[in-house]
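Position chain B against the provided structure of chain A, taking the given hints into account.
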Amino acid sequence: MNQDAPRLITLDEWDRRHADLTRAGLKEPWYGGPLGRHVADGDFRLRSLRYDNSPAALRLWNFLLTEEERLARARKEGQVLIGTMKDLGTVPVMAYAAPRLTAFYPDGAWWIPCVMELSAGLLQVADSVGIDETFCPVRAMVGAFLTEAHFPIPDMLTCSVGATCDDFSAIAQRLAGLGHPIFWWEMPSRRHPEKGEEAVDLPGGFTAPAGQVAFVRSEMERLRAALEERAGESLEDAALAAGIAAANRVRRTLSELRRLAYTADPCSMPALEMLIAEMLAIHYCSDRDESIAVLEDLLDTVRTRVDSGTGVLPSGAARIFWINPVADLRAMNLLEEAGGRICGTDYLFTHALDEIPEDLPPLEAMARTALADPMAGPAADRAARISADIAAFGAEGLIISRIPGASHCATEGDVIRERVMERHDIPIIEIEVPPLSDSIQATLRTRIEALVETVQERRRK
Amino acid sequence: MIRAGIDAGSRAIKIVLFDTDSRAVIASGMRDQGVAQDDLARGLLDELLEEKGIGREKLASVVATGYGRNIIEFADRTVTEITCHARGVCHVAAGSRTIVEIGGQDSKVVRLDGYGAVQDFNMNDRCAAGTGRFLEVVAVRLGLRLDDLGELAGRSADPAAISSMCVVFAETEIIGLLASGIPAEDIVAGVQNSIATRVAAMVGRKVEEPVVFTGGVALVPGMSAALERVLKRPLTVAPRPQYTGALGAALADG
Numbered sequence: 001m002n003q004d005a006p007r008l009i010t011l012d013e014w015d016r017r018h019a020d021l022t023r024a025g026l027k028e029p030w031y032g033g034p035l036g037r038h039v040a041d042g043d044f045r046l047r048s049l050r051y052d053n054s055p056a057a058l059r060l061w062n063f064l065l066t067e068e069e070r071l072a073r074a075r076k077e078g079q080v081l082i083g084t085m086k087d088l089g090t091v092p093v094m095a096y097a098a099p100r101l102t103a104f105y106p107d108g109a110w111w112i113p114c115v116m117e118l119s120a121g122l123l124q125v126a127d128s129v130g131i132d133e134t135f136c137p138v139r140a141m142v143g144a145f146l147t148e149a150h151f152p153i154p155d156m157l158t159c160s161v162g163a164t165c166d167d168f169s170a171i172a173q174r175l176a177g178l179g180h181p182i183f184w185w186e187m188p189s190r191r192h193p194e195k196g197e198e199a200v201d202l203p204g205g206f207t208a209p210a211g212q213v214a215f216v217r218s219e220m221e222r223l224r225a226a227l228e229e230r231a232g233e234s235l236e237d238a239a240l241a242a243g244i245a246a247a248n249r250v251r252r253t254l255s256e257l258r259r260l261a262y263t264a265d266p267c268s269m270p271a272l273e274m275l276i277a278e279m280l281a282i283h284y285c286s287d288r289d290e291s292i293a294v295l296e297d298l299l300d301t302v303r304t305r306v307d308s309g310t311g312v313l314p315s316g317a318a319r320i321f322w323i324n325p326v327a328d329l330r331a332m333n334l335l336e337e338a339g340g341r342i343c344g345t346d347y348l349f350t351h352a353l354d355e356i357p358e359d360l361p362p363l364e365a366m367a368r369t370a371l372a373d374p375m376a377g378p379a380a381d382r383a384a385r386i387s388a389d390i391a392a393f394g395a396e397g398l399i400i401s402r403i404p405g406a407s408h409c410a411t412e413g414d415v416i417r418e419r420v421m422e423r424h425d426i427p428i429i430e431i432e433v434p435p436l437s438d439s440i441q442a443t444l445r446t447r448i449e450a451l452v453e454t455v456q457e458r459r460r461k
Numbered sequence: 001m002i003r004a005g006i007d008a009g010s011r012a013i014k015i016v017l018f019d020t021d022s023r024a025v026i027a028s029g030m031r032d033q034g035v036a037q038d039d040l041a042r043g044l045l046d047e048l049l050e051e052k053g054i055g056r057e058k059l060a061s062v063v064a065t066g067y068g069r070n071i072i073e074f075a076d077r078t079v080t081e082i083t084c085h086a087r088g089v090c091h092v093a094a095g096s097r098t099i100v101e102i103g104g105q106d107s108k109v110v111r112l113d114g115y116g117a118v119q120d121f122n123m124n125d126r127c128a129a130g131t132g133r134f135l136e137v138v139a140v141r142l143g144l145r146l147d148d149l150g151e152l153a154g155r156s157a158d159p160a161a162i163s164s165m166c167v168v169f170a171e172t173e174i175i176g177l178l179a180s181g182i183p184a185e186d187i188v189a190g191v192q193n194s195i196a197t198r199v200a201a202m203v204g205r206k207v208e209e210p211v212v213f214t215g216g217v218a219l220v221p222g223m224s225a226a227l228e229r230v231l232k233r234p235l236t237v238a239p240r241p242q243y244t245g246a247l248g249a250a251l252a253d254g
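If you read the sequences in order, they're chains A and B. To convert, note that position 145 of the first sequence is 145 in our numbering; the numbers rise steadily by one, no gaps. To convert, note that position 90 of the second sequence is 90 in our numbering; the numbers rise steadily by one, no gaps.
These are calculated hints, taken from the structure and not from any lab test.
With a straight-line Cα cutoff of 35 angstroms, these simulated DSBU-like cross-link-like pairs (lysine-lysine) come out:
1) K58(B) - K461(A)
2) K461(A) - K232(B)
3) K206(B) - K461(A)
4) K206(B) - K232(B)
5) K27(A) - K76(A)
The shape of chain A in the complex, shown without the other chains (with noise of 0.2 angstroms):
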């Protein structure tokens, strides 16, 4: 077998092909190495996953399994950290504009009872401050803070609170009473402007009154100002600017990979890997410009193997759109082996993903885009977003996947299957992805299995 032909495979098989692939002088950078050795910090999910065989997925793996590494290396460099909440792709790209500071998202500690199989406790510590199993899986970052076991203490704390998941802002204000202060910022509810109200246009489709996008650009002055105060330095708007252009990058990037991965045939990049990829456009993984590197090698794996007509999955698998992020990592694998592949996604931050205008002031382009967030306005447009990109994607089935836990998805679900059923003849399931699946991944396979062979009758018939 060509071990070089692309597929998918084990957490061995990738140590193994490590192995072979060091020898016949693969580079890597500093946090570069076998995967395997994140199991042995605790890292136990990796072993049930399946993964991409491309060097670029190697890079993209090892680059998200290390950002504990890298930002206590920024500390040390004597970097100020900023924790940044909520916001999903917008305080990162003015905290770095500034060299000074490194920004991250602690919210990215609710993968961790998935990626360590629940054994660093993250879930038991918040129950111990009332942060329950009633509210989302997020709430793992209060852990995180408690344990000081996952990421430094970053030197300042945003987060964005109002129309954002009223589950995460109730988190949030336990983690302040807890001892860690936060610049709170606000976000308005997205509204539709009323005759005659001054209509601005947002990434992404959405319009907004021309109001509520002031208010949302004096909330960016609010975090220049803060960000400045911490940076020592200021944050002019020809900084902003660039921070802006290398933040187009990123999404640029995304944009074409996504375009690439989710239409051609056979399934260029996986379900797994397209996920964590996108997420980059958030979080840039701790740095941004090793984030556009690690993007544009993953794209060039793409070219090249839709060039080569080659792919990790058979062809004619189920074009399925995945709607919502998924807090076991494995449920992606399991539409894979049922069958289907990705054909778009709305992970709850397509925002993140719209070029940020760079024809605008920075404040204003940055409040316009963050003003997009399909969590800060009515389920309806998010609704109709979605709906475009079914039929520009060309999906054959849709998967609504909630959060357990999460008030914001739980209210969404209805009204996006309600408008996808309108608009398109397309089956439909909504299925809960808890931390960990295990216990009920027969049943996640038979619903996505089933809905696999409902596109496939839908196609002979």
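Using the frame of chain A, we list chain B on its own:
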């Protein structure tokens, strides 16, 4: 040509042997579910084959479905219950547009197009409230056999209102109803209504007729009537509804 369909359900393993030439079921059997599902299914299949004097080598295919389908190692392939119930119902009740299936562990609603192809489906979500399990719980609590529940419910003149949407809480509620002197028949009828209401929520507003009721719970007297009341539509109980999934599995390859 003989094809075998195995439905490894949560309560029982059902097997159907289907003759593709005569388009008829030539044998069927059921066995209570157990730990060694593969052995149980193998034993039942061998019994049916022996009964009919058919050698194992004569089987054109063995398809497994049901929640235990992946455990049936000797199956040639697996197909989900959704697809199998659709195939099975289309064979016994051609032209059906909506299938309501209530099994021991889950319940599902399948919408079919005019050609019998699955258009969409809905399943209960990690909850026993709309399944046969609810009936089992109430049977144990009332000290009755599952088979007797339907007849008992038929005597009810005033079904109890079961407000809990969770079997665990509903069991507590049933204890309270018993303590307050509510007759057992009213409690059982109330549970049947509760299951029907739960399933009706999955059906949604757009119900296309004809509606067919299948799965083991369709055999419980009173359940069909409870569903008809809630859905406000007539429904037909599939012939031998406990075998519909296995029949669909046998039909899956042909």
